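Chemist: Now for the letters of each chain:
There are 4 protein chains.
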Amino acid sequence: MSSVVTTVAAPEFRVANWLNASRPVSLARLRGKVVAVYAFQMLCPGCVSHAIPQAKQVRHTFPREDVEVLGLHTVFEHHVAMGRAALEAFIHEYRIDFPVGIDQPSDNGPVPLTMQQYQLRGTPTLLLFDRQGVLRHSILGKVHDMQVGALLAGLVAETIAQPQHPHCNDGACRI
Amino acid sequence: MSSVVTTVAAPEFRVANWLNASRPVSLARLRGKVVAVYAFQMLCPGCVSHAIPQAKQVRHTFPREDVEVLGLHTVFEHHVAMGRAALEAFIHEYRIDFPVGIDQPSDNGPVPLTMQQYQLRGTPTLLLFDRQGVLRHSILGKVHDMQVGALLAGLVAETIAQPQHPHCNDGACRI
Amino acid sequence: MSSVVTTVAAPEFRVANWLNASRPVSLARLRGKVVAVYAFQMLCPGCVSHAIPQAKQVRHTFPREDVEVLGLHTVFEHHVAMGRAALEAFIHEYRIDFPVGIDQPSDNGPVPLTMQQYQLRGTPTLLLFDRQGVLRHSILGKVHDMQVGALLAGLVAETIAQPQHPHCNDGACRI
Amino acid sequence: MSSVVTTVAAPEFRVANWLNASRPVSLARLRGKVVAVYAFQMLCPGCVSHAIPQAKQVRHTFPREDVEVLGLHTVFEHHVAMGRAALEAFIHEYRIDFPVGIDQPSDNGPVPLTMQQYQLRGTPTLLLFDRQGVLRHSILGKVHDMQVGALLAGLVAETIAQPQHPHCNDGACRI
Numbered sequence: 000m001s002s003v004v005t006t007v008a009a010p011e012f013r014v015a016n017w018l019n020a021s022r023p024v025s026l027a028r029l030r031g032k033v034v035a036v037y038a039f040q041m042l043c044p045g046c047v048s049h050a051i052p053q054a055k056q057v058r059h060t061f062p063r064e065d066v067e068v069l070g071l072h073t074v075f076e077h078h079v080a081m082g083r084a085a086l087e088a089f090i091h092e093y094r095i096d097f098p099v100g101i102d103q104p105s106d107n108g109p110v111p112l113t114m115q116q117y118q119l120r121g122t123p124t125l126l127l128f129d130r131q132g133v134l135r136h137s138i139l140g141k142v143h144d145m146q147v148g149a150l151l152a153g154l155v156a157e158t159i160a161q162p163q164h165p166h167c168n169d170g171a172c173r174i
Numbered sequence: 000m001s002s003v004v005t006t007v008a009a010p011e012f013r014v015a016n017w018l019n020a021s022r023p024v025s026l027a028r029l030r031g032k033v034v035a036v037y038a039f040q041m042l043c044p045g046c047v048s049h050a051i052p053q054a055k056q057v058r059h060t061f062p063r064e065d066v067e068v069l070g071l072h073t074v075f076e077h078h079v080a081m082g083r084a085a086l087e088a089f090i091h092e093y094r095i096d097f098p099v100g101i102d103q104p105s106d107n108g109p110v111p112l113t114m115q116q117y118q119l120r121g122t123p124t125l126l127l128f129d130r131q132g133v134l135r136h137s138i139l140g141k142v143h144d145m146q147v148g149a150l151l152a153g154l155v156a157e158t159i160a161q162p163q164h165p166h167c168n169d170g171a172c173r174i
Numbered sequence: 000m001s002s003v004v005t006t007v008a009a010p011e012f013r014v015a016n017w018l019n020a021s022r023p024v025s026l027a028r029l030r031g032k033v034v035a036v037y038a039f040q041m042l043c044p045g046c047v048s049h050a051i052p053q054a055k056q057v058r059h060t061f062p063r064e065d066v067e068v069l070g071l072h073t074v075f076e077h078h079v080a081m082g083r084a085a086l087e088a089f090i091h092e093y094r095i096d097f098p099v100g101i102d103q104p105s106d107n108g109p110v111p112l113t114m115q116q117y118q119l120r121g122t123p124t125l126l127l128f129d130r131q132g133v134l135r136h137s138i139l140g141k142v143h144d145m146q147v148g149a150l151l152a153g154l155v156a157e158t159i160a161q162p163q164h165p166h167c168n169d170g171a172c173r174i
Numbered sequence: 000m001s002s003v004v005t006t007v008a009a010p011e012f013r014v015a016n017w018l019n020a021s022r023p024v025s026l027a028r029l030r031g032k033v034v035a036v037y038a039f040q041m042l043c044p045g046c047v048s049h050a051i052p053q054a055k056q057v058r059h060t061f062p063r064e065d066v067e068v069l070g071l072h073t074v075f076e077h078h079v080a081m082g083r084a085a086l087e088a089f090i091h092e093y094r095i096d097f098p099v100g101i102d103q104p105s106d107n108g109p110v111p112l113t114m115q116q117y118q119l120r121g122t123p124t125l126l127l128f129d130r131q132g133v134l135r136h137s138i139l140g141k142v143h144d145m146q147v148g149a150l151l152a153g154l155v156a157e158t159i160a161q162p163q164h165p166h167c168n169d170g171a172c173r174i
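Residue numbers (numbering that gives the first Met the number 0), protein chains in the order written: chain A, 0 to 174; chain B, 0 to 174; chain C, 0 to 174; chain D, 0 to 174.
Chain A extracted, bound-state conformation (with noise of 0.2 angstroms):
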């Protein structure tokens, strides 16, 4: 499990297109919330096994005023096998009802934008952003559902920090 150093708000998704949403995602309208982010695969065993039953777990447990449960297409192999197509027809038959973004495919190369940004190295990855939109956690394969409910509930108890500058955020200050 690694845990990320920062203290920046981390950037938006790149996505082709919002699944499950009646229109995009942004975690900068989340902010407040903490957010779960399941990086997955449809054709990922370990993703279908573990990390889509979890995020449903994390849906059921903590409350959505709480936690916000996303889903993140980050097809990096087979892409004929996972496009847009394939995910919705997943998503219809393992009852997957929160929004699920489809990383966007690179030009250059098999992996997408926001998996190459966000630095992920495989799938499942679980993306933990606090209620500040900085990302605290960023765990590739297996965790245990005792340690994501602790992750999770340790992040939804931090207080937001009042802003010095209150008008001030994403590096600008607004008047």
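If you are wondering where the hints come from, they were derived from the structure by calculation, not from laboratory data. You may find that some hints are simply not true.
To be verified - Dumping the calculated BS3-like pairs for lysine-lysine here, alpha-carbon to alpha-carbon at most 25 angstroms: (1) B:K55 to A:K141; (2) C:K141 to B:K55; (3) C:K141 to B:K141; (4) C:K141 to D:K32; (5) B:K141 to C:K32; (6) B:K141 to B:K55; (7) B:K141 to A:K55.
Only a predicted model underlies this, so the values are computations on that prediction, with no experimental measurement involved.
For chain A, the structure is supplied; the task is to place chains B, C and D on it using the hints.
Modeler: Just chains B, C and D now, kept in the frame of chain A:
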């Protein structure tokens, strides 16, 4: 569970392509062995969590001279998501090493031809053929591993009845 | 896994008490049936998590006219914790409904008499007897459910050889 | 699941013996830590298959300076089968290394004293105490690992309120 009452060798599968096989698989050429066929769809959750692991366990438990294990990809929904390339990726990722046939799509509807002919009602379905090629069991849904072991060993233990006219079979008599 | 090479009917169990049985169980009286015996200790974790549930599954899978399921409580450690009253509570709480024999304690050491005679090396051990009372398999540790189903069905399928001298058995001939 | 509404430090356990402990465990001395107590019976199937493994997982997941894990053997049936020697064998075989208290038997009935005082209705029951010794949750039956992780981390994250009269506690004020 349903047992099938017939004494006639079952019809050959109508298969567009065989994967994991150097040449098309023929039930007739498997005469003398018990054959376990798992009809599945790669995006059917019960197939992935139960039937495919069980098929591997059959391959592991019974010697190949007694029992042949086959997959049959009987796609009757989400056709665009479960084409040949997708199935090849699935077979690779799930480490499937037994032959898998792609049930021949129908021109007239979503249900492929072998699935129609065998009157399968869904996936996963386990088809068990005896040493003489007679379909003896067609079971939809989850079957307990112990039950599968028992059914297969029962078929393995059956002696092959000597045909009255040993040179006649498949509807023809040979010199 | 070890298969046992012998053609002689196995010796009777030496049992202090039979629970869940209206009278003492005798292997001789079970002649004609396949018999699956789970040697276990109620405080052996692998027995509780694996062998006892499997024994129940055998009872559920095979008809009683073909396969008899027995437990044999072979206590070789923690004797004070696994006496008859404790075993009765265990049988009640774990909803065990097949006969369970208490292996006769030895005067000379911790290993009880049947366990000695059958040269068992630990618990759980699965003993499989064929229809003629011959011990055919003695398997220490975890056995896959499919394997157990296959072994039992193989024994069930064996025809009972007609003895050449039907009045002779157990080393004696009777008028 | 039931949450407990109280702000008073919970009463000490009434325990005949503590196993796996160099001296009697006192809730008062654990003040400052979150405490997870698994009330169980060694012959209760759900305790063995679920609660004990979960208790071990809590011990594995949370550092001991934050969370203390205790067992409480609350025998209310089959008393003769679950005495101290039997429990010691159970603790040994199941590799339990956290302290386990034997709930003090009652002179007047089958339910032991701590179980009475805490009004437990069965086993397994999970009791969660906050850093100030207040019982916050009393949950009978199976609880999901993720939920336990979340509840514990939530309690761990609570800051300890400074008492208004720091020298007053337990109903007395000290100089």
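Chemist: Next, verify each hint and record whether it holds.
Modeler: So, going through the hints one by one against the coordinates:
1. B:K55 to A:K141: holds, 23 angstroms
2. C:K141 to B:K55: Holds - the C-alpha atoms of K55 (chain B) and K141 (chain C) are around 18 angstroms apart, at most 25 angstroms.
3. C:K141 to B:K141: holds, 23 angstroms
4. C:K141 to D:K32: violated, 40 angstroms
5. B:K141 to C:K32: With Cα atoms ~29 angstroms apart, K141 (chain B) and K32 (chain C) exceed 25 angstroms; violated.
6. B:K141 to B:K55: holds, 15 angstroms
7. B:K141 to A:K55: holds, 23 angstroms
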